[in-house]
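A.B. asks: Fit chains B and C to the supplied structure of chain A, relying on the hints for placement.
For reference, the chains in residue letters:
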Amino acid sequence: MASHSATAGHADGHDHPTWSTYWKIAVILFVITAIEVSAFYIPAWETSWIYVPSMLFLSTIKFTLVVMYYMHLKYDHKLFRSLFTGPLIVAALTLIGLMFLFSKLSIRLGLLS
Amino acid sequence: MTATTMPAAHDESHGHGHHYTTLGLDNRKIAIWTFIGSECMLFASLISTYLVYKGRSVKGPFPHEAWTDPSGKVFPAILDIPVTSASTFVLLMSSFAMVLALAAVQNKELPKTTFGERILGSSKLWLWVTCLMGTAFLGFQAYEFTAFIREGLTIRTNLFGSSFFTLTGFHGAHVAVGVCWLFSLLAIDYKRGLGPSDALNVDIAALYWHFVDVVWIVIFTLVYLIK
Amino acid sequence: MATIVAAPPYSSTATESANTGLMSWLTTVDHKRIGVLYLITALVFFVIGGLEAFLIRAQLAVPNGTVLSADMYNQLFTMHGTTMVFLAIMPLSAAFFNFLIPLQIGARDVAFPRLNAFSYWIYLLGGIFITVPIFFAVAPDGGWFGYAPLSTKQFSPQINMDFWVLGLQILGISSLAAAFNFITTIINMRAPGMHLMRMPIFTWMSFVVQFLVALAFPVITIALVFLQFDRFFGTNFYAIGAGADPLLWQHLFWVFGHPEVYILILPAFGLVSEVLPTFSKKPLFGYPVMVYSGILIGFLGFGVWAHHMFAVGMGPIADAVFSLTTMLIAIPTGVKIFNWMATMWDGDLRFNTSMKFGVALVGMFTIGGISGVMHSSPPADLQQTDTYFIVAHFHYVLFGGSMFGLFAGLYYYFPKISGRFMSESLGNWHFWLTFLGMNLTFFPMHFSGLLGMPRRTYQYDAGQGLELFNLLSTIGTLVLMLGTLFGLINLWKSWKSGERASSNPWGAPTIEWAIPSPPPEHNFDTLPQITSRYPLWDLKGAVVTHPTTVADEAGRVQKTAKQLGIPMPNPSILPLVTAVGVIVMFSGMLFTGSNMKLAVAIMIGGAVWWIAGLYNWLLTPLEDAH
Chain A
2 MASHSATAGH ADGHDHPTWS TYWKIAVILF VITAIEVSAF YIPAWETSWI
52 YVPSMLFLST IKFTLVVMYY MHLKYDHKLF RSLFTGPLIV AALTLIGLMF
102 LFSKLSIRLG LLS
Chain B
183 MTATTMPAAH DESHGHGHHY TTLGLDNRKI AIWTFIGSEC MLFASLISTY
233 LVYKGRSVKG PFPHEAWTDP SGKVFPAILD IPVTSASTFV LLMSSFAMVL
283 ALAAVQNKEL PKTTFGERIL GSSKLWLWVT CLMGTAFLGF QAYEFTAFIR
333 EGLTIRTNLF GSSFFTLTGF HGAHVAVGVC WLFSLLAIDY KRGLGPSDAL
383 NVDIAALYWH FVDVVWIVIF TLVYLIK
Chain C
691 MATIVAAPPY SSTATESANT GLMSWLTTVD HKRIGVLYLI TALVFFVIGG
741 LEAFLIRAQL AVPNGTVLSA DMYNQLFTMH GTTMVFLAIM PLSAAFFNFL
791 IPLQIGARDV AFPRLNAFSY WIYLLGGIFI TVPIFFAVAP DGGWFGYAPL
841 STKQFSPQIN MDFWVLGLQI LGISSLAAAF NFITTIINMR APGMHLMRMP
891 IFTWMSFVVQ FLVALAFPVI TIALVFLQFD RFFGTNFYAI GAGADPLLWQ
941 HLFWVFGHPE VYILILPAFG LVSEVLPTFS KKPLFGYPVM VYSGILIGFL
991 GFGVWAHHMF AVGMGPIADA VFSLTTMLIA IPTGVKIFNW MATMWDGDLR
1041 FNTSMKFGVA LVGMFTIGGI SGVMHSSPPA DLQQTDTYFI VAHFHYVLFG
1091 GSMFGLFAGL YYYFPKISGR FMSESLGNWH FWLTFLGMNL TFFPMHFSGL
1141 LGMPRRTYQY DAGQGLELFN LLSTIGTLVL MLGTLFGLIN LWKSWKSGER
1191 ASSNPWGAPT IEWAIPSPPP EHNFDTLPQI TSRYPLWDLK GAVVTHPTTV
1241 ADEAGRVQKT AKQLGIPMPN PSILPLVTAV GVIVMFSGML FTGSNMKLAV
1291 AIMIGGAVWW IAGLYNWLLT PLEDAH
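Taken in sequence, the protein lines are chains A, B and C.
The opening residue of the first sequence carries number 2 in this note's numbering; numbering runs sequentially from there.
The opening residue of the second sequence carries number 183 in this note's numbering; numbering runs sequentially from there.
The opening residue of the third sequence carries number 691 in this note's numbering; numbering runs sequentially from there.
Treat the hints with care, as some may be off.
Quick list of in silico lysine-lysine cross-link-like pairs, DSSO-like style, CA-CA up to 27 Å [to be verified]:
#1 B:290 / A:25
#2 B:290 / A:75
#3 A:25 / A:75
#4 C:1249 / C:1186
#5 B:294 / B:306
#6 B:241 / C:843
#7 B:294 / B:373
#8 B:290 / B:306
#9 B:409 / A:105
#10 B:306 / A:25
#11 A:105 / A:25
#12 B:409 / A:25
#13 B:241 / B:255
#14 B:306 / B:255
#15 B:241 / A:105
#16 C:1287 / C:843
#17 B:409 / B:255
#18 B:373 / B:241
#19 B:373 / B:290
Cβ pair distances, simulated, as ranges [claimed, not checked]:
#20 C:1260 / B:334: 55 to 65 Å
#21 A:83 / C:1060: 29 to 39 Å
#22 A:82 / B:377: 22 to 32 Å
#23 C:822 / A:24: 32 to 42 Å
Treat the hints as calculated values from the structure; they're not laboratory data.
All C-beta atoms, glycine included, are put in the ideal place defined by N, C-alpha and C.
Looking at chain A on its own, in the form it has when it is part of the complex (with noise of 0.2 Å):
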């Protein structure tokens, strides 16, 4: 961040995501909602160990994307990036060590468990 502090950033500059952009995003992430509704209703899906890995990888997709091009974090200056990525580690880490702590998930260790 040093490097760039006397001359005016490049803000709001080259490369927009267009129309064709928005709309194609949108699109996937109406075909991705549909796929994780119909889930829910699809009980061999639905049952299996896979259900919840694959929900919370289908959302991860749907958050990045509109993270990424609709708040155009892909497009804009690197340091819009650092101040949500930072924040978001630090709110995700801090989720997963409540959750091992309320023995929502656990690590199985041998004798220590």
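C.D. replies: Chains B and C alone, transformed into the frame defined by chain A:
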């Protein structure tokens, strides 16, 4: 006076109202991203609590299972997935309308000849669509909450009720703030028209709006879809 | 004027007298004036918190003391902790954030001047909101940590804890708004050439602290919202009968609470890192390492919270993890201690009051830090937790660390703030009495704690070997009060008639010393071009500079912002108006138990008020069009 002097920077104020900034970025945009980072911790705390208390309520109604109370009355699983799926679609698509509104404000000056260009270039239209979809989401939530209360689940009933209403209520309050914000922008658009010089203000509102949307993406999966 | 000189030739600021009426203070958006407001307000609360501590010690002077009732004792220790943490040390740090950060990075003001004023007014009004009840004996009485379910309606049915829950919510708004403001300021308002690795170390530590505030306060906000809902609306978050987990509050509170510890200490570390180099005439030893260790402390600070909870039985894995992270965080802290010692090593030391407080911090914080690492071992912690040993530990880090650092900073920056020196002779009394009193108060607590004396109990029996230690602690408190009195008299007298100070009376290296004392409204006539970490030293071609004197600068005139054509933000009453609306809205909550209609009416009234204020504020331009 000593001979050694420290060089001063070239004049920092060029044009009107534009002060020197280190990165050439607008302060407001840095502030909103900092705020959004902070909001991550806020929702992480709410979501953690919901998850910690999942399955710990000593009595029903429950989100995904039916419950029979001591008197033999049966309370079905309370979450209404079809209705919430619909409201989720509405909120996701409102984000789409929001990016179009921002693009319309940014490209206000571009000439628009075809009908399609005029539609895409209308910031009023897309702000209206976003606002109405946001309001529709709030309508769905109001419907959901009243239905739950009718079915016997209030914020006081059990741990699920407390943590569910607080989590989704906090999100709903954020949506409500966003709707007010967007309506204020719409009012300005009607009063004097939003142009490229307002793009940053619209962008900031849009960032907030999309953030509220991604929070709902997480809530929808963790609360509604995963049993 | 195309350049600014290394040692500028002026000490008097304006040709016309500045506007200093009451309205000018209520509407000010000048970061320097807001800093002064923070300083004075925080010192008032510091005195109130100190008097509360004195009453606690008076009760404990002899076994089975009868000065206070058990109930009053609870209120006093709760308010002592709450006051010192949220109303004294954090705002004293905020005074320095406000005054110094724009000066140190070479900016004319903070990024959002009116938001800055709003933070202060919220703090002042929130502080009054939470402090006033003690004078009517209805103050919060559940500890500064407010453990639920103890703090729920079931076990604290009175209005007392309502003040605490709402007051902390209000104060959180102030801290969060300030955090967004300062993060933006430091990222985007640095003068040309002020790379991150050239920033003064105080600004660096403040930068880390603002991120800690931005990430830790939302967590306590949510924990408090749950408590608020439990108390006012009958929800079940902390209702054990409904299946709630009694550890939920503890976890959420300490996820906030441990970063809060670093929020309290890092600004003091930053101040001392400014004081020691100047009075040793040596650059700070290992500047990059100091920066990285500050960042590491901030990051690890989010991963150690459960060490406050070893006694609840989290199991061997959780205990081991949090024990290890706690030991780990001692490393960057220890690095700082060694770097300060290396800074002083072989330096040309000047032992004035500021330096004495700074050196005392290095020693006292080390004692507190070492007893802190002792608690990182769960078996040891089980012996020490909830005893006076813990009280001794955190007073060594908070008084011996934070307060000593803030005092060092106060003596160091007072000439810049006021244009006058603090008195060295009174300062000498202030330092030695405080140093002696602090050790006399808190050192014996190590022993009473290891003998098993529990915290937060209002009486103890004779014949347990506790009498001597408690009496010493109480005598120490008297000495401490006397020392603080000297400090306050010094501040008052110096403000009115202290010896005049020049722009750089200490021969300090950073750019805030390149402008007049006190600085003009616009801080810098032209933004400086920064080329090194210690601009004022490096300019001389050697490491050491000489202090400027008033005589050097006599007769030079500083132009005002208007004369220089620099646009400055207009004063505005709207931040205060908006802040009042927020307080009214929160106050309405107090009546939910007694009169729901009244409560709702007040809350809606307050909300309409502050929303109207906010819209008005947002639609009023910051500066005149030009």
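A.B. asks: What are the numbers of the hints the structure violates, in ascending order?
C.D. replies: As far as the earlier hints go, 11, 12, 14, 18 and 23 are violated by this structure, in ascending order.
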